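> Residue-level listing of the chains:
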Amino acid sequence: MEFFKHSDFDFLGKKWPFIILSLILTAAGFISLAVKGGPRYGIDFRGGALITVSFANRPPVDKVRAALSNKLPVEVEEVSGRPEDIIGIDALQDSALQASRQKVIDSLDAAFGQPANGKYNINSSGAAALADRLRDALAAASVPMSDQQLQTLAVNIMDYRKQHAGLIKNLDELASVPGVTPQVLNVVKQQTYPDSVAVVGTEVVGPKIGAELQRKAILAVLYALGGMLVYIAFRFEWIYGAAAVIAVFHDTLITIGLFSLFNKEITLTVVAALLTLVGYSMNDTIVTFDRIRENLKILRREELEPLINKSVNQTLSRTVLTSGLTLLTALALFIFGGQVLNGFAFALVCGIIVGTYSSVFVASPILIFWHNFLEGRKRNARGAVAPRREPVAPVAAKAKTTPAAAKDRPQRGSTAKVK
Amino acid sequence: MTSNIKIRIGIIIAVILVCVYGIIGIPKSKDELLANWKNNIHLGLDLSGGTQLVMQVQLQDAFKAAADNVIESLKGELQKDGITPSGDITRNDPTTIEDADKIEIDVKGVPSDKSGQFRSIINNQFAAWVPTAINSSDYKLTLTPSEALKLKQDTLTQTMATIERKINALGLAESSVQQTGRSDAEAELLIQLPGVDDPAHVKQLLQTQAQLEWDQVQDGPFASREEALAKKGGILPLNTKLVPTAVRGGQASWYLVSRIPVVRGTDIRDASAAAGELNRWETNFVLTQDAAKKFGAYTEANIGQRAAIVVDGIVISAPTIQSKISDTGRITGAASQEEAADLALNLRAGSLPAALTIEEERTVGPSLGADSIREGFEAGIAGVVAVVLFMLVYYKRSAINATLALILNALILIAALSYFDATLTLPGIAGIILTIGMAVDSNVLIFERIREELRAGKAVVAAVDAGFSKAFLTIIDTHVTTVVSCAFLFIFGTGPVKGFAVTLVIGLIANLFTAVFVSRTIFDAELSGKRQVAALSI
Numbered sequence: 001m002e003f004f005k006h007s008d009f010d011f012l013g014k015k016w017p018f019i020i021l022s023l024i025l026t027a028a029g030f031i032s033l034a035v036k037g038g039p040r041y042g043i044d045f046r047g048g049a050l051i052t053v054s055f056a057n058r059p060p061v062d063k064v065r066a067a068l069s070n071k072l073p074v075e076v077e078e079v080s081g082r083p084e085d086i087i088g089i090d091a092l093q094d095s096a097l098q099a100s101r102q103k104v105i106d107s108l109d110a111a112f113g114q115p116a117n118g119k120y121n122i123n124s125s126g127a128a129a130l131a132d133r134l135r136d137a138l139a140a141a142s143v144p145m146s147d148q149q150l151q152t153l154a155v156n157i158m159d160y161r162k163q164h165a166g167l168i169k170n171l172d173e174l175a176s177v178p179g180v181t182p183q184v185l186n187v188v189k190q191q192t193y194p195d196s197v198a199v200v201g202t203e204v205v206g207p208k209i210g211a212e213l214q215r216k217a218i219l220a221v222l223y224a225l226g227g228m229l230v231y232i233a234f235r236f237e238w239i240y241g242a243a244a245v246i247a248v249f250h251d252t253l254i255t256i257g258l259f260s261l262f263n264k265e266i267t268l269t270v271v272a273a274l275l276t277l278v279g280y281s282m283n284d285t286i287v288t289f290d291r292i293r294e295n296l297k298i299l300r301r302e303e304l305e306p307l308i309n310k311s312v313n314q315t316l317s318r319t320v321l322t323s324g325l326t327l328l329t330a331l332a333l334f335i336f337g338g339q340v341l342n343g344f345a346f347a348l349v350c351g352i353i354v355g356t357y358s359s360v361f362v363a364s365p366i367l368i369f370w371h372n373f374l375e376g377r378k379r380n381a382r383g384a385v386a387p388r389r390e391p392v393a394p395v396a397a398k399a400k401t402t403p404a405a406a407k408d409r410p411q412r413g414s415t416a417k418v419k
Numbered sequence: 001m002t003s004n005i006k007i008r009i010g011i012i013i014a015v016i017l018v019c020v021y022g023i024i025g026i027p028k029s030k031d032e033l034l035a036n037w038k039n040n041i042h043l044g045l046d047l048s049g050g051t052q053l054v055m056q057v058q059l060q061d062a063f064k065a066a067a068d069n070v071i072e073s074l075k076g077e078l079q080k081d082g083i084t085p086s087g088d089i090t091r092n093d094p095t096t097i098e099d100a101d102k103i104e105i106d107v108k109g110v111p112s113d114k115s116g117q118f119r120s121i122i123n124n125q126f127a128a129w130v131p132t133a134i135n136s137s138d139y140k141l142t143l144t145p146s147e148a149l150k151l152k153q154d155t156l157t158q159t160m161a162t163i164e165r166k167i168n169a170l171g172l173a174e175s176s177v178q179q180t181g182r183s184d185a186e187a188e189l190l191i192q193l194p195g196v197d198d199p200a201h202v203k204q205l206l207q208t209q210a211q212l213e214w215d216q217v218q219d220g221p222f223a224s225r226e227e228a229l230a231k232k233g234g235i236l237p238l239n240t241k242l243v244p245t246a247v248r249g250g251q252a253s254w255y256l257v258s259r260i261p262v263v264r265g266t267d268i269r270d271a272s273a274a275a276g277e278l279n280r281w282e283t284n285f286v287l288t289q290d291a292a293k294k295f296g297a298y299t300e301a302n303i304g305q306r307a308a309i310v311v312d313g314i315v316i317s318a319p320t321i322q323s324k325i326s327d328t329g330r331i332t333g334a335a336s337q338e339e340a341a342d343l344a345l346n347l348r349a350g351s352l353p354a355a356l357t358i359e360e361e362r363t364v365g366p367s368l369g370a371d372s373i374r375e376g377f378e379a380g381i382a383g384v385v386a387v388v389l390f391m392l393v394y395y396k397r398s399a400i401n402a403t404l405a406l407i408l409n410a411l412i413l414i415a416a417l418s419y420f421d422a423t424l425t426l427p428g429i430a431g432i433i434l435t436i437g438m439a440v441d442s443n444v445l446i447f448e449r450i451r452e453e454l455r456a457g458k459a460v461v462a463a464v465d466a467g468f469s470k471a472f473l474t475i476i477d478t479h480v481t482t483v484v485s486c487a488f489l490f491i492f493g494t495g496p497v498k499g500f501a502v503t504l505v506i507g508l509i510a511n512l513f514t515a516v517f518v519s520r521t522i523f524d525a526e527l528s529g530k531r532q533v534a535a536l537s538i
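Those sequence lines, one after another, are chains A and B.
For the first sequence, my numbering gives the first residue as 1, with consecutive numbering after it.
For the second sequence, my numbering gives the first residue as 1, with consecutive numbering after it.
If you're looking for bench data, these hints aren't it; they were derived computationally from the structure.
In this text, all values refer to a predicted model and were calculated from it rather than measured experimentally.
For every residue, glycine included, the Cβ atom is placed at its ideal position computed from N, Cα and C.
Treat each hint with caution, since some may be false.
Stated by the list, open to error - Cross-link-like lysine-lysine pairs, in silico, BS3-like; alpha carbons within 30 Å at most:
#1 A:K216 / B:K150
#2 A:K162 / B:K64
#3 A:K208 / B:K152
#4 B:K64 / A:K208
#5 A:K297 / B:K458
#6 A:K216 / B:K102
#7 A:K162 / B:K38
Claimed, not checked - Beta-carbon label-pair distances, calculated as ranges:
#8 A:S176 / B:S336: 23 to 31 Å
#9 A:S124 / B:K324: 30 to 38 Å
#10 A:D90 / B:V286: 46 to 54 Å
#11 B:A169 / A:N121: 42 to 50 Å
#12 B:A161 / A:N70: 24 to 32 Å
#13 B:I476 / A:I335: 48 to 56 Å
#14 A:D90 / B:R119: 49 to 57 Å
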């Protein structure tokens, strides 16, 4: 099976509509960013607290919001597919964060929890504390149990809670936990109660650290782009490096713009995804450039634009296949990957699509523009027709050494030699 | 098959064996296999659940304490040499970590005829401090830069050691304490506590400084600070301080106690919780030999007087000394066994030389972590299966090569993580996804090249040869570019970005081996037996 046996699309002839599309997308992203005052950073970068709360019976989200909003400025978001809400508190003073977190937990408990009545909340305890609480009561109820057994029992109960979304709804559920006999269950019921609200996850990041992380992440990416530019400039020619980096920058910008348009948060995980898409896009661009370099050597008489077009067509099959296959994986992650990976997968899906097309419609046109620009300048300067394909000639010369070297290299076990 | 191909197959099998050993060891049963897998593959907190804290060591506390010690002993030294400054000896009060080394001690009113003597006391006894004359009788003492640096490092080391002891005492396996390593935030510690089910408790335990003091009560209790001050005429007597009691239900009261404690936390050899009278929990402690001598003499001389047991600036109890006590003591008043045990643990672990503030906290419920890893894993597997199926349709038999190379790539990557003791986090998984993408790409590049060569009319063997050697150049360029970018990400990035870079580099190196070497070997092995290969299933 083959998709593109002898493809001969005139990609670069139709570059303008795509370049305009690129510009529109970039502009839309920029406008969205400008209107919204920059990207919507997650608490990793902005500082703040995120509390994931699990409910036995999740109340409607506006009720949760109402219960909290008169005390604190918070954002409440429902987790799809689980009885959980994520509550975000914005950046405050470092010291105030811990206190506001406690306030959120207390208000939620007041609104949706059960009264303790002097009992111990089994949904907010740790194994050691639970064992402490049960020790005397078990002894009083004359249930024989060594301390070792008691600790194991407490750990088993906590494990059960872990496996059930961090919340025990009804104490009778515990009958299935190893070590919980009817007598033990009686004591547990006597001493504890299952609150219908439980905090299952917390993230608190001080604003200072957040700002620092943001600066570090951006710097790291910029340095990495610089490093790639230098390497490509060394292997090809500097304009190739510049074109590749501009293309990758374009992809990142559009993806961040799309995040802003869809009002998605930029978290540390999304940064990982952005790094991944930089990798993919760069990979794509280099494959195309590599082909251009090779063709420059073989087809010395061809004009640059048809030559690039030819190179793009020659690599089209692999471009579509690779991008299609990686897109398949990213889509799988996006659809089935769950809440945690959602932002990550979204960035990958956008990035792969944009990254693939930028190699053809952003990186390659830059080479042509630069070529035409130099050509025009020379013509003006000399008033005569400049030698054809002047700027890329050194590349051809440089490239000559590398494939030749590859050919000279002994081919390990090359089949050509076999019998 | 030529011997050359045999050698290459041998190398590949050796690599597979080494990788499999790195991941699961040599298991004798299914349980052992699972246990080895768990031991060798470390999941980060974002995947396994647990708590991660970034804590700031308030270095200025240690600097202030050091200055206080110097002030106390300087007073004694001056008195011994008959120098009586007319003014007071005080220190400034740096409030931030950055200002910690700006600590200063002001000595006012040193008689001018004794200035030489004063300077020599400082130079001989307090060499860490540099005296600067402000005028003929006032001096400012500052810490030399090298001593300041040493004090900082000592404080950090001691803090880390104390935290480690506390964590170990709690029995939290696989926890770690390290400096975050950010050059501009040397006072930051990263504490990782996998599997902690009660982060609030651990946090409180870690933050407790546990600075125990046994102070002599001079006066009190008073109902309030103001009342105490009023009684003393607005000024506290020399070498005393006011300390509040713990607020339990009612109002705090205040004690006036000696400024220098009789016994400190560092004098404690051991501590344990025990049930005392009326089943009330208490904490018993045992003193070191030196401290016991001092303590014995003190208690003997002060029978009938009250003493205050002060933990972190709060009076826990103020017992009356009944008889001479030498090496053991008792702290009563714990509300529960847990509280008494925590205090014992803190006393055993030693006190923190400076307070800790929490800068960052991430708690992932184990269920949340488990769910996200399961969902992500299933989605990833589904994606890879789809990719493999598609390749099988598109490249037919040759896709088996690619699939084998892909599986081997994943195997090498996981084994390398295990050998390097690296931790797998979510960004690390992002690196793996990019690796898989590039591995697929390498194979696609090679296969497309072979097809091109076949289309151009080359014979099968020659086409495979040309396809590999032409694609090789491209593969090298893409891989090296990405490795270069990873190097920068690793150098300049923080934790998660670093994790991404590490997995990606390992994956890329593995991919160069699998896509170029392994896949080629399989092709060669297939083709070498036949004299004339008419067609290639690609």
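> Taken at face value, is the distance from the CA of B:K458 to the CA of A:K297 at most 30 Å?
holds, 20 Å
> The hint says 49 to 57 Å between A:D90 and B:R119; measuring C-beta to C-beta, is that right?
holds, 55 Å
> With a cut-off of 30 Å on the C-alpha distance, tell me whether B:K64 and A:K208 pass.
Given that 30 Å is the threshold and the Cα spacing comes to 25 Å, the pair holds.
> Just to be careful, I want the Cα atoms of A:K162 and B:K64 compared with a cutoff of 30 Å; is the pair within it?
violated, 45 Å
> Given the hint that A:K216 pairs with B:K150, does the C-alpha gap stay at or below 30 Å?
Distance of about 28 Å is within 30 Å: holds.
> Just to be sure I understand the hint, the distance between the Cβ atoms of B:A169 and A:N121 should be within 42 to 50 Å; is that true here?
Once the Cβ atoms are compared, 26 Å apart, the range 42 to 50 Å for A:N121 and B:A169 is violated.
> Using the C-beta atoms of A:D90 and B:V286, is the stated range 46 to 54 Å upheld?
holds, 49 Å
> Looking only at beta-carbon atoms, does the pair A:S176, B:S336 fall within the given range of 23 to 31 Å?
Distance hint for A:S176, B:S336 holds at roughly 30 Å.
> Keeping to a limit of 30 Å between CA atoms, is the pair of A:K216 and B:K102 held or broken?
holds, 28 Å
> Are B:I476 and A:I335 spaced within 48 to 56 Å by their CB atoms?
violated, 35 Å
> Check the hint pairing A:K208 with B:K152 against an upper bound of 30 Å on the C-alpha distance.
holds, 21 Å
> Hey, A:K162 versus B:K38, does the alpha-carbon distance stay inside 30 Å?
holds, 19 Å
Checked against the numbered hints above, the structure violates hints 2, 9, 11, 12, 13; every other hint is satisfied.
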